[in-house]
Amino acid sequence: MLTAGDYQAIWLTLKLASLTTLLLMIMAPPLAWWLARSQTKIRPLVESLVALPLILPPTVLGFYLLIAFSPEHFLGEWWLSFNDSSLAFSFTGLVIASVIYSLPFVVQPLQSAFVHLDKSYLEVSATLGYGKFERLYKIIFPMLLPSFIIAGALGFAHTIGEFGVVLMIGGNIPGETQVLSILLFDHVESLEYASAHKLSFILLAFSMSVLVVIYGCLQKRQQRVLNA
Amino acid sequence: MNRIRLIISFILISLWSAHSFALASTVKNKPLNIAVASNFKLSAQHIAHEFTEISGIKVNISSASTATLYQQILRGAPFDVFLSADQKHIDLLIDANKVNQEHEFIYAQGRLVFWKPDITRVPTLQDFLLYDGRLAIANPKFAPYGIAAEETLKSIKKWQVQQYIKGNNINQAYQFVESKNVRAGLVAYASVIQKQQKNYVIIPQEWHHPIKQAGIVLNNDETKHAQLFRQFLLSENMQKYIKSQGYN
Chain A
0 MLTAGDYQAI
10 WLTLKLASLT
20 TLLLMIMAPP
30 LAWWLARSQT
40 KIRPLVESLV
50 ALPLILPPTV
60 LGFYLLIAFS
70 PEHFLGEWWL
80 SFNDSSLAFS
90 FTGLVIASVI
100 YSLPFVVQPL
110 QSAFVHLDKS
120 YLEVSATLGY
130 GKFERLYKII
140 FPMLLPSFII
150 AGALGFAHTI
160 GEFGVVLMIG
170 GNIPGETQVL
180 SILLFDHVES
190 LEYASAHKLS
200 FILLAFSMSV
210 LVVIYGCLQK
220 RQQRVLNA
Chain B
0 MNRIRLIISF
10 ILISLWSAHS
20 FALASTVKNK
30 PLNIAVASNF
40 KLSAQHIAHE
50 FTEISGIKVN
60 ISSASTATLY
70 QQILRGAPFD
80 VFLSADQKHI
90 DLLIDANKVN
100 QEHEFIYAQG
110 RLVFWKPDIT
120 RVPTLQDFLL
130 YDGRLAIANP
140 KFAPYGIAAE
150 ETLKSIKKWQ
160 VQQYIKGNNI
170 NQAYQFVESK
180 NVRAGLVAYA
190 SVIQKQQKNY
200 VIIPQEWHHP
210 IKQAGIVLNN
220 DETKHAQLFR
230 QFLLSENMQK
240 YIKSQGYN
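Respectively, the protein sequence lines represent chains A and B. Sequential numbering of the first sequence, starting at 0, is according to numbering that gives the first Met the number 0. Sequential numbering of the second sequence, starting at 0, is according to numbering that gives the first Met the number 0.
Just so you know, the hints here were simulated from the structure itself, not pulled from any lab data. Take these hints with a grain of salt, some might be off.
Distance condition first, Cα-Cα at most 27 Å in a straight line; then the derived BS3-like pairs of lysine-lysine [claimed, not checked]:
| id | chain 1 | residue 1 | chain 2 | residue 2 |
| --- | --- | --- | --- | --- |
| 1 | B | Lys239 | B | Lys57 |
| 2 | B | Lys194 | A | Lys197 |
| 3 | B | Lys179 | B | Lys194 |
| 4 | B | Lys140 | A | Lys14 |
| 5 | A | Lys197 | B | Lys179 |
Covered by chain A, according to a simulated footprint, are these stretches of chain B (three or more residues, beta-carbon under 8 Å) [said to hold, decoys possible]:
| id | stretch |
| --- | --- |
| 6 | 66-79 |
| 7 | 173-182 |
As the structure is a computational prediction, the values presented were derived from the model and not from experiment. By construction, the Cβ of each residue, glycine as well, lies at the ideal position given by its N, Cα and C atoms.
For reference, chain A alone in the conformation it holds in the complex (with noise of 0.2 Å):
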């Protein structure tokens, strides 16, 4: 039914959301903490860099990476200085776009986690005398993996939805940069409307699976504070 060519494309979909879903969720958690915990005034700073994507349309994120990417400016020169050929069209390009672009999905659920968590208990813990990273891993985490799951979903299935950018910074690479969103344009651009159906199909039944599961969480969370 699908093509040898739809299936890379579903297989690059999914290296590059796994990938970023797991470079976000290291990064995200401190990030998230220091943004729900600092005082500085430098937070609503970073808090608005972070929530950039947001609002920004993906065309100029795209086309100030396409310029960063060059080998005539700093980032695209450094990289060329340890590799063969240039980070745009490349899937390491990607990842990286990938991550600044879904940066505030994974942010965002943490962080308002992060502000609702009752200090109480992280004073009771502390007089039992748990140290930070028992205190991270016996009461924070557990207590929050509803919210971890959330986020770690909403920035899988944000990157699986990326069109603008990889548009911009992709260049259609088949098993590269060809992911599925872009194959589904190409597919309607070639008038192969057939190709075109199943993909969107795919795509559409699986983000609605993501959210169907994303709520379904958050009513299971609700329920469980509402009979506490």
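The hints should help you fit chain B onto chain A, whose structure is shown.
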């Protein structure tokens, strides 16, 4: 009391003038909506400007890739004239009974160039034949200039060995090279002329099918503005201008 009366009369006057202005502009000067393939956008803007100067008819220009515009028109987009980058999409519209064949015309013929801005001299065809880096082209699956690029590379037996970066349209292929992310590309002659670039060589016409850019009048209403525009576009002066912009 006086102030309220003043405000009310002010509002009424502005409403009335806005209304009459809108009325005047719909009746006398309904703008002509023209859909233009992205490679021809700059030239079309210039021609539209001249056309408005002479006729007093306003022109709105929308540009996108030929395939995108085709699909919009197929689904009833309100364009009066469509200037495609190829003949295929115009023929598809005719096949779909969306337009009348007699309104079709060829307004320009595109040329491909091999553009390599990072060398200090003008490249030769030999440079193109020997170039083995990544090459920026328009997507050969649907972009007319991309199809010509594929034919060119096949005719010199480089299609299998060359690495490509595919732009969604010919302007994006140009942009990939201009931003130095790719060292060379097969781009439109019109682009290098408009951007006053020097380091390019024209691809011989025998290496690919001619890129015939066809247009069609979509709206043949009583004003005949669209027909007027077509006549203007095909007039000797404008054809001379189009030629100077990198078309045959």
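Consistency of the hints with the structure:
1. For the hint linking B:Lys239 to B:Lys57, the alpha-carbon distance of about 23 Å falls within 27 Å, and the restraint holds.
2. For the given pair, B:Lys194 sits about 41 Å from A:Lys197 by alpha-carbon distance, which is inconsistent with the 27 Å threshold.
3. Annotation: proposed proximity of B:Lys179 to B:Lys194 holds, straight-line Cα distance about 15 Å (limit 27 Å).
4. For a cut-off of 27 Å, the pair hint linking B:Lys140 to A:Lys14 stands: about 25 Å separates their Cα positions.
5. This hinted pair does not check out: A:Lys197 and B:Lys179 have alpha carbons roughly 36 Å apart, beyond 27 Å.
6. Judged by the Cβ-Cβ criterion of 8 Å, the stretch 66-79 of chain B is covered by chain A as claimed, because 3 of its residues qualify and three suffice.
7. For the stretch 173-182 of chain B, the proposed coverage by chain A is satisfied: 6 residues have a C-beta within less than 8 Å of a C-beta in that chain, meeting the threshold of three.
Violated hints, listed in ascending order, are 2, 5; each of the other numbered hints is respected by the structure.
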